[in-house]
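Below are the chains, spelled out letter by letter.
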Amino acid sequence: MTPPAPRGQNRDFGPSGARAVAGTVTDPELPVLTLADLGVLRDVRVEGGTVVVEITPTYAGCPAMGVMRADLVHALHRAGFERVDVRTVLSPAWTTDWITPAGRAALAAAGIAPPGAAPVRAAGPVPLQLTPPRRTASCPVCGSGDTELTSEFGPTACKALLRCRGCGEPFEMIKEI
Amino acid sequence: MHEETVYDALDAAHGGEGQWAFGTGFDEPLAGVDTTVPEGIDPADLGAYCLMLGDDALVLAQRLTGWITDAPELEDEVAFGNIALDLLGQARLLLARAGSVGVLGRSRERATASIPDEDALAYFRNADEFCSTGLVEAPNGDFGQTMVRLLVAVTIRLAVLDRLRGSRDPVLAAIAAKGVPELAYTRDHAARWVLRLGDGTAESHRRAQAGVDAVWPLLADVFTATDVEARLTTAGVAVDPAGVREEVRSVLTRVLDQATLQLPAWPADEPPRGRVGQHGPERTELLGTLQGLARQHPAATW
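Sequences listed follow chains A and B, in order.
Numbered as in our numbering, the first sequence ends at 177 without a single skipped number.
Numbered as in our numbering, the second sequence ends at 302 without a single skipped number.
There may be inaccurate statements among the hints.
Pulled from the structure, derived: some chain A residues nowhere near chain B, Cβ distances all over 10 Å [stated by the list, open to error]:
#1 Phe13
#2 Ala36
#3 Arg69
#4 Arg87
#5 Trp94
#6 Ala108
#7 Gly111
#8 Gly116
#9 Ala118
#10 Ser144
#11 Glu148
Not close to chain B: a few residues of chain A, all C-beta gaps over 12 Å, as computed [said to hold, decoys possible]:
#12 Asp12
#13 Thr136
#14 Lys159
Ranges of calculated distance between the beta carbons of each label pair, as one might list FRET restraints [as the list claims (entries may be wrong)]:
#15 Thr36(B) / Ala118(A): 28 to 36 Å
#16 Gly166(A) / Asp257(B): 32 to 40 Å
#17 Asp142(B) / Gln129(A): 40 to 48 Å
#18 Glu129(B) / Gln129(A): 32 to 40 Å
#19 Asp12(A) / Pro72(B): 53 to 61 Å
#20 Ser204(B) / Val120(A): 31 to 39 Å
#21 Ala118(A) / Glu285(B): 39 to 47 Å
#22 Thr50(A) / Thr69(B): 55 to 63 Å
Since the hints were derived computationally from the structure, they do not count as laboratory data.
Where a beta carbon is used, it is the ideal one built from N, C-alpha and C, also for glycine.
Next comes chain A alone, as it looks inside the complex (with noise of 0.2 Å):
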C-alpha cells in the first residue's frame, strides 16, 4: 500500500517511523514519561500497511488506559499514519521493574521517587507481610535517605506518599509492584 502524503516531519512510514513516533507519546497523568519509558509500550510493529501497537495496562483498573490509547492513534494519525490498531496485552503484566533508566530519572527531576526493585516472588503462597512496606526512596527534593511513609496509596494507582524528615517535603513515589 502506498502511504498518504504525510503530515509534518515525518517521511518514514514503516515500523522504525511509528516506533519513533509513538515513542513521544507520553502517560496523561505522568507527562514527563513517555509510555515507553513507562515500560506500558510493549510493541510496535507494521502489518499490511497497518500500524499495530502494543499496550499493556500498569494496573487493572488505571483509568488513563483508553486516554493513552486515543492519545497514539492521534500522535500517529497526525504524523500521516492512516490505519492503527492498538491492541491491549495482559500477560506477562506489567510491572515497575518495566521502567527504564531513562524514565527514573525523569520522574526523579519531575520531584516523583522512582520505584526501587519489584518484590521477588518464592514459590508457594503469597507472603503476609505484617509490617509496613520498606521504603527506601530518597527524597527528590533534598536527597535525604531519611524518609517516612505516609500513606500507603496515593492519588493515582500506581503511587505512595512519603515525607522527607530532612527537609519536612512531602512527595510521592512510585510504589514497586
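Starting from the structure of chain A, add chain B where the hints point.
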C-alpha cells in the same frame, strides 16, 4: 481521519456518540486480546465463572466506595478509593471476558447496543442474575468491620487468583496474574489495619472483635463449589474454593492471633447462595445505588 484534540479522538474512537456516562466506557478492556476459547472448555461455564469472580470484585468495590467522604482520615479514603479501583479493573476485565464468550444474561434485553458488554452486565442485570457472595455484599458496618471483611474477602480472592494463573483459559490466567500483586498489597494493608485495631485501644479492640464476629458467619458458603466451578475445576479452568480453605484459614488465624483477637469457630459448610442468585435485601439496595444512573439515563453524557 485526523482529530485535532484528544477529546475529538476519544469521541471518534467511540463512534462519535460521546456516551461516556459510564466513565471509561470508551476503552475496551480486552481490545486486541485473543479471546478464542481453548478446545474442551464450555464457553457458557467459562462465562458464568467469570461473572462470579467479576461480580465479587464489582460488589466489593461498590461497598468500599461507600467510605468516600466518610473515612476517618483522608489517607484511608484514598486507600479505599485505590483498592476499589483495582477491584473495578478486575471486574471490567472479567465481565468483558464473560461478554466475549456470549454470556450476557438478560442484560442485552435492557441495554442499548452502544453500551459495551461489561457495562451492560454491570448495570443491566437484576439482583437475581448477580452471583457475588454474601461475604462481599454485606453492609460495611464500621471501619473495623469494613477492614475485617476486606481482609477476609481479599485473602480468599488472592488465594484463588494465584492458582488461576495456571488456568487453561489464557485470558482468565492473564487477568488473574495481573490481579495477584495488587491483591497482595491490599491484603497486607487490611491485615496491618486489623492488627492496629485489634492490638490498639480497648475501644478499637472491641470494635474489631465485633467486626470479626459479624463477618465470620458469612464464610459458610464461600468454600462450597457451585456445579459450574466443579466442572471447570475438572477441566483445569477454575479453582475449587475448598482447595484454598487451609491457606485462607492459616493467614486469617495468624493475623487474628497477632491482633489479640479471638478466632471464632469456622462455620460449617453450606450450599452456595449468592453464587446461584440467592440474595438478601442488601444486594438489591446495593444495586439500586450502583445502577440507578445508568438505568434512569441510559444515554446520559457528561
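Results of checking the hints against the structure:
no. : hint                              : result
1   : Phe13                             : 16 Å, holds
2   : Ala36                             : 18 Å, holds
3   : Arg69                             : 6 Å, violated
4   : Arg87                             : 2 Å, violated
5   : Trp94                             : 8 Å, violated
6   : Ala108                            : 23 Å, holds
7   : Gly111                            : 19 Å, holds
8   : Gly116                            : 14 Å, holds
9   : Ala118                            : 8 Å, violated
10  : Ser144                            : 22 Å, holds
11  : Glu148                            : 13 Å, holds
12  : Asp12                             : 18 Å, holds
13  : Thr136                            : 17 Å, holds
14  : Lys159                            : 9 Å, violated
15  : Thr36(B) / Ala118(A): 28 to 36 Å  : 31 Å, holds
16  : Gly166(A) / Asp257(B): 32 to 40 Å : 38 Å, holds
17  : Asp142(B) / Gln129(A): 40 to 48 Å : 25 Å, violated
18  : Glu129(B) / Gln129(A): 32 to 40 Å : 38 Å, holds
19  : Asp12(A) / Pro72(B): 53 to 61 Å   : 56 Å, holds
20  : Ser204(B) / Val120(A): 31 to 39 Å : 34 Å, holds
21  : Ala118(A) / Glu285(B): 39 to 47 Å : 40 Å, holds
22  : Thr50(A) / Thr69(B): 55 to 63 Å   : 46 Å, violated
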